[in-house]
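**Q** Take a look at the letters that make up each chain.
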Amino acid sequence: MLQINNLHVNIGDKEVLHDINLHIDDGETHVLLGPNGSGKTTLLMTLMGFSNYSVTKGTITYNGEDVTNMHANERAKRGIGMLFQRPPTISGLKLGKMLAAISRTKQENIPELAKSVHMDKFLERDINKGFSGGEIKRSEVLQLMIQNPDFVMLDEPESGVDLENISLIGTTIGSLLEKDKHLANRKKSGLVITHTGYILDYLDADKGHVMCDGQIRCHGNPREILKDIKQRGYKECLECRHA
Amino acid sequence: MPSRITTPELSKVDQARLAQSGIDLSMKNRCGSFLQMDQDVVHAECSQEEIEVLSYAKAFEKYAWLKDYNWKIVSPDKDEVTKYVAAQKDPKGYVIIAHKGSSNILPIQACLYLGKDQIQHVHNIIIAEEGAELHIISGCTSGAHVGKGGAHYGISEFYVKKNAKISFTMIHNWSENIEVYPRSASVVEENGVFLSNYVCMQPVKKVQMYPTATLKGANSVARFSSIVIATPGSLMDLGSRAILEGVGASAELITRAITKGGTIISRGHINGKTAGTRGHLECKGLILKDGVIYAIPEIEGSVVGTELSHEAAVGKLAKDEIEYLMSRGLDEDEATATIIRGFLDVKINGLPEALQKQIDTSIDEAEKSGF
Numbered sequence: 131m132l133q134i135n136n137l138h139v140n141i142g143d144k145e146v147l148h149d150i151n152l153h154i155d156d157g158e159t160h161v162l163l164g165p166n167g168s169g170k171t172t173l174l175m176t177l178m179g180f181s182n183y184s185v186t187k188g189t190i191t192y193n194g195e196d197v198t199n200m201h202a203n204e205r206a207k208r209g210i211g212m213l214f215q216r217p218p219t220i221s222g223l224k225l226g227k228m229l230a231a232i233s234r235t236k237q238e239n240i241p242e243l244a245k246s247v248h249m250d251k252f253l254e255r256d257i258n259k260g261f262s263g264g265e266i267k268r269s270e271v272l273q274l275m276i277q278n279p280d281f282v283m284l285d286e287p288e289s290g291v292d293l294e295n296i297s298l299i300g301t302t303i304g305s306l307l308e309k310d311k312h313l314a315n316r317k318k319s320g321l322v323i324t325h326t327g328y329i330l331d332y333l334d335a336d337k338g339h340v341m342c343d344g345q346i347r348c349h350g351n352p353r354e355i356l357k358d359i360k361q362r363g364y365k366e367c368l369e370c371r372h373a
Numbered sequence: 267m268p269s270r271i272t273t274p275e276l277s278k279v280d281q282a283r284l285a286q287s288g289i290d291l292s293m294k295n296r297c298g299s300f301l302q303m304d305q306d307v308v309h310a311e312c313s314q315e316e317i318e319v320l321s322y323a324k325a326f327e328k329y330a331w332l333k334d335y336n337w338k339i340v341s342p343d344k345d346e347v348t349k350y351v352a353a354q355k356d357p358k359g360y361v362i363i364a365h366k367g368s369s370n371i372l373p374i375q376a377c378l379y380l381g382k383d384q385i386q387h388v389h390n391i392i393i394a395e396e397g398a399e400l401h402i403i404s405g406c407t408s409g410a411h412v413g414k415g416g417a418h419y420g421i422s423e424f425y426v427k428k429n430a431k432i433s434f435t436m437i438h439n440w441s442e443n444i445e446v447y448p449r450s451a452s453v454v455e456e457n458g459v460f461l462s463n464y465v466c467m468q469p470v471k472k473v474q475m476y477p478t479a480t481l482k483g484a485n486s487v488a489r490f491s492s493i494v495i496a497t498p499g500s501l502m503d504l505g506s507r508a509i510l511e512g513v514g515a516s517a518e519l520i521t522r523a524i525t526k527g528g529t530i531i532s533r534g535h536i537n538g539k540t541a542g543t544r545g546h547l548e549c550k551g552l553i554l555k556d557g558v559i560y561a562i563p564e565i566e567g568s569v570v571g572t573e574l575s576h577e578a579a580v581g582k583l584a585k586d587e588i589e590y591l592m593s594r595g596l597d598e599d600e601a602t603a604t605i606i607r608g609f610l611d612v613k614i615n616g617l618p619e620a621l622q623k624q625i626d627t628s629i630d631e632a633e634k635s636g637f
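So the sequence lines, in the order shown, correspond to chains A and B. Position one of the first sequence corresponds to residue 131 (this note's numbering), numbered consecutively onward. Position one of the second sequence corresponds to residue 267 (this note's numbering), numbered consecutively onward.
None of these hints come from the bench; they were simulated from the model. What you were told as hints is all true, and nothing was included just to trick you.
Cβ pair distances, simulated, as ranges:
id, chain 1, residue 1, chain 2, residue 2, range
1, A, Arg234, B, Asn295, 22 to 32 Å
2, A, Glu254, B, Phe326, 43 to 53 Å
3, B, Glu600, A, Arg353, 38 to 48 Å
4, B, Val513, A, Pro241, 35 to 45 Å
5, A, Lys251, B, Gly499, 38 to 48 Å
6, B, Ser635, A, Thr326, 47 to 57 Å
7, B, Asn295, A, Asn278, 37 to 47 Å
8, B, Leu554, A, Ser246, 31 to 41 Å
9, B, Ala282, A, Asn239, 28 to 38 Å
10, A, Val185, B, Lys414, 52 to 62 Å
11, A, Asp250, B, Ile371, 22 to 32 Å
12, A, His148, B, Pro498, 42 to 52 Å
13, A, Cys370, B, Asp556, 51 to 61 Å
This structure is a prediction, so every number in the text was calculated from the model and none was measured. In this text, a Cβ means the ideal position worked out from N, Cα and C, and glycines have one as well.
Looking at chain A on its own, in the form it has when it is part of the complex (with noise of 0.2 Å):
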């Protein structure tokens, strides 16, 4: 579904990705691990599209067509789709209308999709305004429920949330990611950041992969990298020059 060949990404004249190579293919979900600043939301974001991210070495291609230099839109279009850790704020755009025009084409039940994540009384609220952390994360989870993307790329899903919404968001994104499904049947994929490991439990994940200064330094089995993240911490990883 989506390979990345020797990605080099610069924010402004800096370089903060280096040489970044993964794959990952239908159906699987993939985490990745990291300390604070190490890159990871900076991946997300140039996987997306957001132009303040250039690629300036490399490839992303998805589906076998190249998308390197793809606008989001298009992106999005093609079935990426992205679940932000820090969205902007839309003063006056109401959460409701924003959905209308995300769902122009589909037949979605809006309020009803908005009850099941308890974001129906948020309908007629300015975007992010004035939203704590788990409702920022469940006006998300919403959109992409309509977006209904094959590639989903998760942002700390989990942070901010308290323990009875991390089930609610959990099971959620199981479901877009047809965890429910059987693995045979199961087409899309994803790609997850966590910190915490919680989303685990509901993701059922199949690699994870472990950055440090904008590279992917290590790859394995995910529950046991948070195992020895958890009791090592990312000291040994920062000294680490294998990927």
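Using the hints, position chain B against chain A.
**A** What follows is chain B alone, placed relative to chain A:
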């Protein structure tokens, strides 16, 4: 239901322009109507009990006491505009009186249409007597082709009595060669509410106005809301002023201004003269193409216990907001229009749904032409 207004002398294009200014010639959603074309009063009627819509001349024939409301809160000597209107031997305009306890659910529409190369002058007096509730939509427009240009001089005096409410929604739809000089003032008595809404999304050569609300009564309220777009060549010098005199009086002055190359001067002044009064002034501006937005908010407090605040911001569309919407599948133009639409979306507390919809329709029209 009042009868349909016929304007056979108006072309289809100009009838559409009237509709764009919120004028419903079918009268389906209106309870009364006043239509002045150039200097001719074409129509004045109201089907709502205890509410009268009269031409200025007829009203003064009928009610001698109206002299007590004539040029009482706008001074005839204020400036060249007021002097010009005061000097007219045959004053035009309308008088709307909502008698004690009356109310209209469907608004009254007042239309001032400028079709010729000249100065159109009007003097309007609007009175909501004790306990009355009066909603008016004023659509001001010109013909698609007004020769070398024209001007509109409009005096309006609003009287909101005890426990009464007036909402006045003015939609301007002039053209590049028209100058507009409204001069208006209002006095609001105890528990009275005055809502003044101004929408101008279409080109105009110049608009200059600075309406003043004097909140005399205890717990009286005024809310001014302006939603404007200045196209290249337009000069919009807009202000609103609230003088807080009654104990517990409060005022809110809200402006959303967009320039696409024109100039907007957004003035505002709240004067808190009494303890227990509150006022807030807010101007938000977006510069889409090089033009000027000049916000001049003034708050003036002279006693302990008045609380006044202001907030002004002028900027451009944020790239991260546009790209956020693009990441949901909207193209750049759609994302931009969606954000602008939100920026202009001011919900006015206390405004009937029909009038809020009319304001929304004006914004929709502007959106269709890509803002």
